[in-house]
Amino acid sequence: MTAVVDTATDLPRPTTGTPRWAARIDAARIFTHVALLFLVALWTFPTAGLLISSLRDKDQLAVSGWWTALSTSSTQGVTRLPQAGAQIEAGGKFVIRGNVFGEDTNKTLAQFGLSNAEPAAAAAGESLPMTDGGALTVQRDGAYEWVSDTRFTHTRGPRVFYVAEIAPRFTLDNYVEVLTANGVFRSFINSFTVTIPATIIPILMAAFAAYALAWMRFPFRGLIVAVVVGLLVVPLQMSLIPLLKMYNGIAQAFGAEDGKTYLSIWLAHTAFGLPLAIYLLRNYMAGLPKEIMESARIDGASHFKIFTGMVLPLSFPALASFSIFQFLWVWNDLLVAMVFLGAQESKLVLTGKLVSLLGSRGNNWEILTAGAFVTIVVPLIVFFSLQRYFVRGLLAGSVK
Amino acid sequence: MSDILQQIFGALIAIAIALAGTVAYFWGSNWLLDKFLGSNTATGDDLTRRDNRRSQIRPWLFLLPALLFLSVYLVYPVIETFRLSFFDKNENFVGFANYLWAFGDGNFQQSIFNNILWLLIVPSFATAFGLVIAVLADKLWWGNIAKSLVFMPMAISFVGASVIWKFVYDYRAAGEQQIGVLNAIVTGLGLPPQAWITIPVWNSVLLMVILIWIQAGFAMVILSAALRGVPEETLEAARIDGANGFRIFFDIMIPQIWGTIVVVWTTITIVVLKVFDIIFAMTNGQWDTEVLANFMFKWMFVNFDYGRGSTVAVIIMLAVLPIMIWNIRRANAEEGTR
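First to last, the protein sequences are chains A and B. Quick note on full-length UniProt numbering: the first sequence kicks off at 1 and runs consecutively. Quick note on full-length UniProt numbering: the second sequence kicks off at 1 and runs consecutively.
For the record, the hints were derived by calculation from the structure and aren't laboratory data. Keep in mind it's a predicted model, so treat the numbers as computed, not measured. Any given hint could be a false lead.
The following label-pair restraints were derived from C-beta to C-beta distances [said to hold, decoys possible]:
id : chain 1 : residue 1 : chain 2 : residue 2 : range
1  : B       : Lys35     : A       : Phe218    : 37 to 45 Å
2  : B       : Asn107    : A       : Ala286    : 40 to 48 Å
3  : A       : Glu291    : B       : Ala243    : 42 to 50 Å
4  : A       : Gly359    : B       : Gly175    : 48 to 56 Å
5  : B       : Ile240    : A       : Leu42     : 30 to 38 Å
6  : A       : Phe220    : B       : Ala243    : 50 to 58 Å
7  : A       : Ile88     : B       : Ile185    : 50 to 58 Å
8  : B       : Ser71     : A       : Phe254    : 17 to 25 Å
9  : A       : Leu172    : B       : Ile240    : 52 to 60 Å
10 : A       : Ala120    : B       : Ile185    : 27 to 35 Å
Using N, Cα and C, we set each Cβ at its ideal position, and we do this for glycine too.
Turn these sequences into a full structure, and let the hints steer you where they fit.
Here it is, written out as structure tokens:
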């Protein structure tokens with residue numbers, strides 16, 4: 001780097017020793033590295049936390065921060081031993097056997113005790129005398145043995161408190177659970193059902209309009225362009241009520257209950273995407289070389305031929321940009337889906353599903369983290385694989 | 001299962017019909033135009049007349065479907081919402097009563113106050129972070145990776161981002177182990193954990209953080225491109241004159257890209273005015289976090305008062321209006337230079 005500075009500035013080089021500014025530049029560079037690293041970490045860690053958490057064991061997730069995912073966490077628990085009826089007689093002694101963890105076996109018992117105040121009275125493998133007679137021994141794997149010389153007669157099982165360790169464990173269980181038990185899979189399909197047609201339908205319509213606004217001469221052209229630019233920023237909130245009334249009116253005319261169908265939302269998204277589509281494509285098409293158009297005109301080609309034969313194929317990058325925008329925007333939309341598709345369980349898209357999970361399972365972070373990741377994984381794939389087109393569209397759409 | 005298959009099948013059919021329909025319309029209408037106003041058989045004046053007529057009609061054939069959609073779904077609703085804002089729940093004309101109600105309503109005032117706060121904080125911080133990251137990243141070999149990571153939240157839905165940050169703000173009672181990063185840091189410093197989302201003003205700021213986190217990537221990409229347009233000679237000259245990094249940043253880079261900064265700022269401002277999902281998912285306006293868009297949604301779909309809902313929508317629209325006019329004038333100026 002320093003060499004570049006030298007040749008570019010054309011300054012006389014110092015003849016002896018290390019130039020003083022070299023040290024200064026290095027310090028500045030290190031500062032740049034550190035500052036950027038800090039900012040990038042700040043921007044990445046919330047998503048990283050979500051992803052790591054969604055892959056953790058749900059018991060661990062509930063008791064320790066995701067940054068401790070690689071260390072063993074400990075948890076306290078309590079279980080009630082069975083009544084006297086569970087005893088068996090073996091070798092002249094009376095025994096009650098079982099496991100304090102029940103079916104759940106990814107825990108390791110560290111200590112146990114007989115009262116809430118002393119959950120760590122004895123270490124695993126040791127014995128504690130019981131008030132109902134005999135002694136209780138609990139092993140590391142949670143298996144316990146309550147042995148007494150006399151027959152058990154208690155009618156209420158005593159409680160055993162314990163401290164257990166949970167070894168770090170990563171699992172896809174949370175994903176299996178949200179996809180099978182919580183209707184997230186259905187919403188996943190619904191999101192695709194909404195998004196794909198809503199992305200494809202506006203493209204051709206916008207392309208024809210954009211070409212007309214870029215290369216054809218006709219009255220009111222300037223006015224239409226101005227309206228499109230204005231509609232770019234009109235809040236969606238302005239459209240919702242009249243459209244809802246209109247849809248309901250049409251639905252009633254056909255005898256349906258309300259207008260909340262996939263067709264309603266496809267058409268709504270198509271229309272809401274059009275201003276950006278026309279604006280982006282028009283800017284792009286207007287930038288195509290004038291000479292090609294004119295020579296084609298002189299050769300007698302009609303606007304229709306020029307558009308379908310030349311402009312449309314040449315506009316591929318802009319079409320790709322818009323498609324990505326529209327895909328991300330429709331996939332991530334909540335408001336339009338809630339208004340035009342409704343909050344019915346079987347019609348919820350992923351964003352709506354996630355909101356409903358936030359309400360009903362607000363403290364089940366294993367459900368929320370896995371559910372959230374399912375909703376963001378598709379846009380992330382689209383984004384990282386097609387980032388180039390996305391950035392290009394962004395630049396064309398806002399800076400002119 | 002079968003209804004899922006039916007649904008997928010329905011979507012595929014819809015795509016096919018829509019594509020076939022648009023293709024048929026464009027090709028068909030052009031074919032008809034050329035057939036009935038073709039110039040093969042005509043001569044002289046008639047030919048010129050037909051040529052003119054054709055070139056007068058064709059643009060409108062190209063524009064028709066798009067204009068139809070824009071009129072039905074955007075232009076008409078804007079006018080209709082404006083009209084509805086003067087009517088009550090039962091469609092009786094009430095003049096400015098809805099507006100008077102709004103300005104006297106405590107929740108509305110709260111929304112206005114919060115929206116102003118959002119407008120002051122989000123665009124400025126998002127733009128500032130975006131600019132700083134763009135400048136830093138352009139100097140380093142791993143800058144593109146850094147930019148990709150900062151840009152990533154742009155792809156995440158507002159609801160997804162809300163869950164991500166709700167996890168950061170998670171609260172457990174003092175003494176329990178905190179699983180939210182923010183409270184873990186706070187307790188690590190020896191302070192008591194807080195239920196952040198329920199503490200007024202701070203909770204609004206924490207919701208704003210979510211939008212800043214999303215929008216900084218947008219600002220960064222646009223500003224990074226603008227910075228590349230700053231002539232290298234200018235920067236070189238400043239360096240020779242002994243200007244340090246900060247002087248170059250404030251005295252040369254910022255003035256050079258000022259136009260772009262304003263564009264980024266206004267774009268984010270519009271996003272802020274429309275922000276709905278974050279508040280809806282995180283607090284639904286509780287604990288003094290209400291904003292206009294969520295307030296409007298409540299009047300529309302909880303109280304089913306389309307008049308008052310429309311009034312709030314119109315007020316959002318009025319806030320957007322200056323930027324809209326500015327955009328249109330800028331686009332018109334652009335048109336003039338082409």
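- Hints violated by the structure (listed by number, smallest first): 1 and 4
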